[in-house]
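Peer 1: With chain F fixed as given, assemble chain U onto it according to the hints.
Protein chains: 2
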Amino acid sequence: MSNNPQIPSYWYNLKFDQGINLDPVKPQFDDSYMRSQSLLLESDQSYVKIPDPVMRLYEQYRATPLKRAIYFEKAINAKSKIYYKFEGQNASGSHKLNGAIPQAHYSKIDGFEEICTATGAGQWGTAVAYAAQKFELACTVFMTGSTYDRMPQRIALMEMLGAKVIRSPIKEPSNEYTRNDPGSMALATSDAIQYAINNKQTSKISHVYGMVMHQTLIGLEAIRQMEEIGEFPDVVIGCKGGGTNFGGITLPFLKYKMEGKKDITFIAVEPVENPTLTKGEYMYDYVDFNKLAPETKMYTLGHFHIPDPIYAGGLRYHGFDPLLSKLFNVGLITAKAYNQQEVIRAGKEFYQSEGILPAPESSYAICAAIEEALKNTDENKTILICISGHGHYDIQSFAEGLKG
Amino acid sequence: MSNNPQIPSYWYNLKFDQGINLDPVKPQFDDSYMRSQSLLLESDQSYVKIPDPVMRLYEQYRATPLKRAIYFEKAINAKSKIYYKFEGQNASGSHKLNGAIPQAHYSKIDGFEEICTATGAGQWGTAVAYAAQKFELACTVFMTGSTYDRMPQRIALMEMLGAKVIRSPIKEPSNEYTRNDPGSMALATSDAIQYAINNKQTSKISHVYGMVMHQTLIGLEAIRQMEEIGEFPDVVIGCKGGGTNFGGITLPFLKYKMEGKKDITFIAVEPVENPTLTKGEYMYDYVDFNKLAPETKMYTLGHFHIPDPIYAGGLRYHGFDPLLSKLFNVGLITAKAYNQQEVIRAGKEFYQSEGILPAPESSYAICAAIEEALKNTDENKTILICISGHGHYDIQSFAEGLKG
Numbered sequence: 001m002s003n004n005p006q007i008p009s010y011w012y013n014l015k016f017d018q019g020i021n022l023d024p025v026k027p028q029f030d031d032s033y034m035r036s037q038s039l040l041l042e043s044d045q046s047y048v049k050i051p052d053p054v055m056r057l058y059e060q061y062r063a064t065p066l067k068r069a070i071y072f073e074k075a076i077n078a079k080s081k082i083y084y085k086f087e088g089q090n091a092s093g094s095h096k097l098n099g100a101i102p103q104a105h106y107s108k109i110d111g112f113e114e115i116c117t118a119t120g121a122g123q124w125g126t127a128v129a130y131a132a133q134k135f136e137l138a139c140t141v142f143m144t145g146s147t148y149d150r151m152p153q154r155i156a157l158m159e160m161l162g163a164k165v166i167r168s169p170i171k172e173p174s175n176e177y178t179r180n181d182p183g184s185m186a187l188a189t190s191d192a193i194q195y196a197i198n199n200k201q202t203s204k205i206s207h208v209y210g211m212v213m214h215q216t217l218i219g220l221e222a223i224r225q226m227e228e229i230g231e232f233p234d235v236v237i238g239c240k241g242g243g244t245n246f247g248g249i250t251l252p253f254l255k256y257k258m259e260g261k262k263d264i265t266f267i268a269v270e271p272v273e274n275p276t277l278t279k280g281e282y283m284y285d286y287v288d289f290n291k292l293a294p295e296t297k298m299y300t301l302g303h304f305h306i307p308d309p310i311y312a313g314g315l316r317y318h319g320f321d322p323l324l325s326k327l328f329n330v331g332l333i334t335a336k337a338y339n340q341q342e343v344i345r346a347g348k349e350f351y352q353s354e355g356i357l358p359a360p361e362s363s364y365a366i367c368a369a370i371e372e373a374l375k376n377t378d379e380n381k382t383i384l385i386c387i388s389g390h391g392h393y394d395i396q397s398f399a400e401g402l403k404g
Numbered sequence: 001m002s003n004n005p006q007i008p009s010y011w012y013n014l015k016f017d018q019g020i021n022l023d024p025v026k027p028q029f030d031d032s033y034m035r036s037q038s039l040l041l042e043s044d045q046s047y048v049k050i051p052d053p054v055m056r057l058y059e060q061y062r063a064t065p066l067k068r069a070i071y072f073e074k075a076i077n078a079k080s081k082i083y084y085k086f087e088g089q090n091a092s093g094s095h096k097l098n099g100a101i102p103q104a105h106y107s108k109i110d111g112f113e114e115i116c117t118a119t120g121a122g123q124w125g126t127a128v129a130y131a132a133q134k135f136e137l138a139c140t141v142f143m144t145g146s147t148y149d150r151m152p153q154r155i156a157l158m159e160m161l162g163a164k165v166i167r168s169p170i171k172e173p174s175n176e177y178t179r180n181d182p183g184s185m186a187l188a189t190s191d192a193i194q195y196a197i198n199n200k201q202t203s204k205i206s207h208v209y210g211m212v213m214h215q216t217l218i219g220l221e222a223i224r225q226m227e228e229i230g231e232f233p234d235v236v237i238g239c240k241g242g243g244t245n246f247g248g249i250t251l252p253f254l255k256y257k258m259e260g261k262k263d264i265t266f267i268a269v270e271p272v273e274n275p276t277l278t279k280g281e282y283m284y285d286y287v288d289f290n291k292l293a294p295e296t297k298m299y300t301l302g303h304f305h306i307p308d309p310i311y312a313g314g315l316r317y318h319g320f321d322p323l324l325s326k327l328f329n330v331g332l333i334t335a336k337a338y339n340q341q342e343v344i345r346a347g348k349e350f351y352q353s354e355g356i357l358p359a360p361e362s363s364y365a366i367c368a369a370i371e372e373a374l375k376n377t378d379e380n381k382t383i384l385i386c387i388s389g390h391g392h393y394d395i396q397s398f399a400e401g402l403k404g
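Chains as they are written, first to last, in UniProt numbering: chain F, 1 to 404; chain U, 1 to 404.
Please note that a few of the clues may not be correct.
The list treats identical chains as one, so a pair stands whether inside a single copy or across any two.
Stated by the list, open to error - Subject to a maximum C-alpha distance of 27 Å in a straight line, what follows is the list of computed DSS-like cross-link-like pairs (lysine-lysine):
#1 K74 - K403
#2 K74 - K108
#3 K79 - K336
#4 K291 - K261
#5 K261 - K336
#6 K79 - K26
#7 K67 - K262
#8 K81 - K49
#9 K164 - K403
#10 K74 - K279
#11 K262 - K375
#12 K291 - K403
#13 K262 - K403
#14 K171 - K291
Since the hints were made in silico from the structure, they are not lab data.
Chain F with its partners taken away, still in its complex shape (with noise of 0.2 Å):
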């Protein structure tokens, strides 16, 4: 239990509550250096409780603000209201620390001495290195090379939470991929699970794979503040990687929508450059470059695809998670794709206005509420976006970007 009642005391699992059957990964495969993630994928209860041992840390930096957005609706002229929940004021400076304290505390259980995990623009390798510590895990992380090259400053933080930190691809004499090629979250996957399997005492932890459970305290936390307030979303946005702010976000309000309590849409936004949900395709692909890991059902541009180096390094991920994958299929969740210039423009907006610099994944987010509220509607519409990082490793990003 939570000392903070602001805090849930439970995750949501929409999977079992909404009794929705996935499409099975395949073939099975022996998922030993990756327990407890399939563990948590099949658990049986609505409400996951919180592990002591986890809230404690939750509560280090739990409840995260949700504030209404005065100064930016005036800055935009909006014609709706927006209220945005801010995950970056915790160590791994984004939403990732959630869904990485909880695995870092599994892994300890299943007697692992150490995890190894895949980051993109190094928010969730922060994450994964900082709960490490916490559980006396020792830590590797495997970045992709595009944003290894341009954030060393992500790096540094890392190693001071004593985290490893090697660049993806790693080059071996059978790989033929380069220390130039700028890598993608798949390679990153792959060297990760092979590290993994070569250390038995290591355990491949993951920023999407079942993890976006993990996630929807920030959805159940922004249901709660709003009703304190009187508000309730029309519209939920968030910027779209993998799936697990996005999901974390929206799936505790899916289920007003899926209940028919509430008509809520869902926008997940992603890069013109990387557009899986927009024109990937739904079928069985591999999370991984190398096809360590099974098969999964759901919306990908093929493990093989090297998006682009975008400045929103942590959405270059190929696929969106299965379950909410699933949910776009079935037209629960809209998408939209957008480009980088303007990306990058609505984040500098936010920043003058609201006083808090998004990370560029998060602008996506932003950059399609300044779309909704311009809209004219016969009603003014409420909008909840999840601003799922700072921007204070991406300077030079938002430097470049504004100048084009």
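Peer 2: Same frame as chain F, but now just chain U:
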């Protein structure tokens, strides 16, 4: 009035409340370029009402968190309780925004079209840039050379807010300093004053001079927050640059000590490279290098003192606020100086344990808190520190400092 009862509606004016006569500045000078400041120095109220436009902006990010550092206490085996007040979650990333907002407000009222200022590590410059655009004022920032060269992210941040950032010392035929000089706050202050004198529509606003009062809402909030949990500090610690963050957290507590109600130890913490209090003299000196501003009586190393470039660029000012200097002179405040290697390690320890990356400046306060918390005393003490800002733009300093 604030809509949020947690935010104080008044600044605390200890100078008037405790009847402190400061030695006058000499000579009296034409202060037309910094009118609003001298006005505030002479207020004859113990509590000065915060103007509504200022309060609206304070509400964007206040009240700031006050937390007990339970993980940090454990990590260092503390014998005392440690509480921290964190000021790093606003647009400037530091306490400085508390002072920049009212100065921009008064400059607007005074009819100025632009504000200019000097900044060390960039926190103050960012605060001024943010406040300027909120009041639709142009903004020019003179940044000390050593941090200008070291912190391109800070420059990008200020430029994103619409400010013009100029390296100081500026290169002029009449100026004996060159582009390669590390500069000092005194030199940057001269550059800013000269710019304001040359541009009649520009107000030179200050990060120190008389502005400590605006920061007292840190201490006023802390008192309220500690009382809510039934605590009161025996020791209050802040890092010491010009004095704004230190004065902000201490002045409201100093009232208790000066009125004989509580026995509290106040510790101002400074770098051994710039030991204003531990090695400086209490005497009349100029706040700026080129003697454009008048002399004030304060602890100083000499306005011509150019300290080494250190990680904590914000602590390179040669002097100390006149009011705080007087309080130090009569023994109400104590001082400590630390080596930056141990300071950086203290900051890392705080990040690992509490999940907040402190600015190098703030890490001086943390370093002193460690020493205090390890002391054997008859009874457990309660320590309160001000974490004046975040360290996200100081990663390079941490990376270098931790290698040593």
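Peer 1: With identical chains, the pair K164 and K403 could be close in the same copy or across copies; at 27 Å between alpha carbons, which is it: within, between, both, or neither?
Peer 2: This pair counts as between: shortest inter-copy Cα distance 15 Å, intra-copy 34 Å.
Peer 1: How would you label the pair K291, K403 (within, between, both, or neither) given a Cα cut-off of 27 Å?
Peer 2: For K291 and K403, neither the intra-copy (40 Å) nor the inter-copy (39 Å) Cα distance is at most 27 Å.
Peer 1: Using 27 Å as the alpha-carbon threshold, which applies to K74 and K108: within, between, both, or neither?
Peer 2: between (48 Å within a copy, 20 Å between copies)
Peer 1: My question is about K81 and K49: at a cut-off of 27 Å on alpha-carbon distance, are they close within one copy, between copies, both, or neither?
Peer 2: neither (33 Å within a copy, 31 Å between copies)
Peer 1: Should K74 paired with K279 be assigned to within, between, both, or neither, using CA atoms and 27 Å as the limit?
Peer 2: neither (34 Å within a copy, 51 Å between copies)
Peer 1: At most 27 Å between CA atoms: does that hold for K79 and K26 within a copy, between copies, both, or neither?
Peer 2: Answer is neither; intra-copy 47 Å and inter-copy 56 Å both fail.
Peer 1: At 27 Å max between alpha carbons, let me know whether K261 reaches K336 within a copy, between copies, both or neither.
Peer 2: within (25 Å within a copy, 62 Å between copies)
Peer 1: How do K262 and K375 come out at 27 Å by Cα distance, when the copy is not named: within, between, both, or neither?
Peer 2: Within one copy only: 20 Å inside, 59 Å across.
Peer 1: Within a copy, between copies, both or neither: where do K79 and K336 come within 27 Å Cα-Cα?
Peer 2: For K79 and K336, the Cα distance is within 27 Å only inside one copy (20 Å; across copies 55 Å).
Peer 1: Taking 27 Å as the upper bound on the Cα-Cα distance, should K291 and K261 be classified as within, between, both, or neither?
Peer 2: neither (41 Å within a copy, 70 Å between copies)
Peer 1: Treating 27 Å as the Cα threshold, decide for K74 and K403: within, between, both or neither.
Peer 2: within (25 Å within a copy, 47 Å between copies)
Peer 1: Could you figure out if K262 and K403 sit no more than 27 Å apart (CA to CA) within one copy, between two copies, both or neither?
Peer 2: neither (42 Å within a copy, 56 Å between copies)
Consistency note: the structure conflicts with the earlier hints numbered 4, 6, 8, 10, 12, 13.
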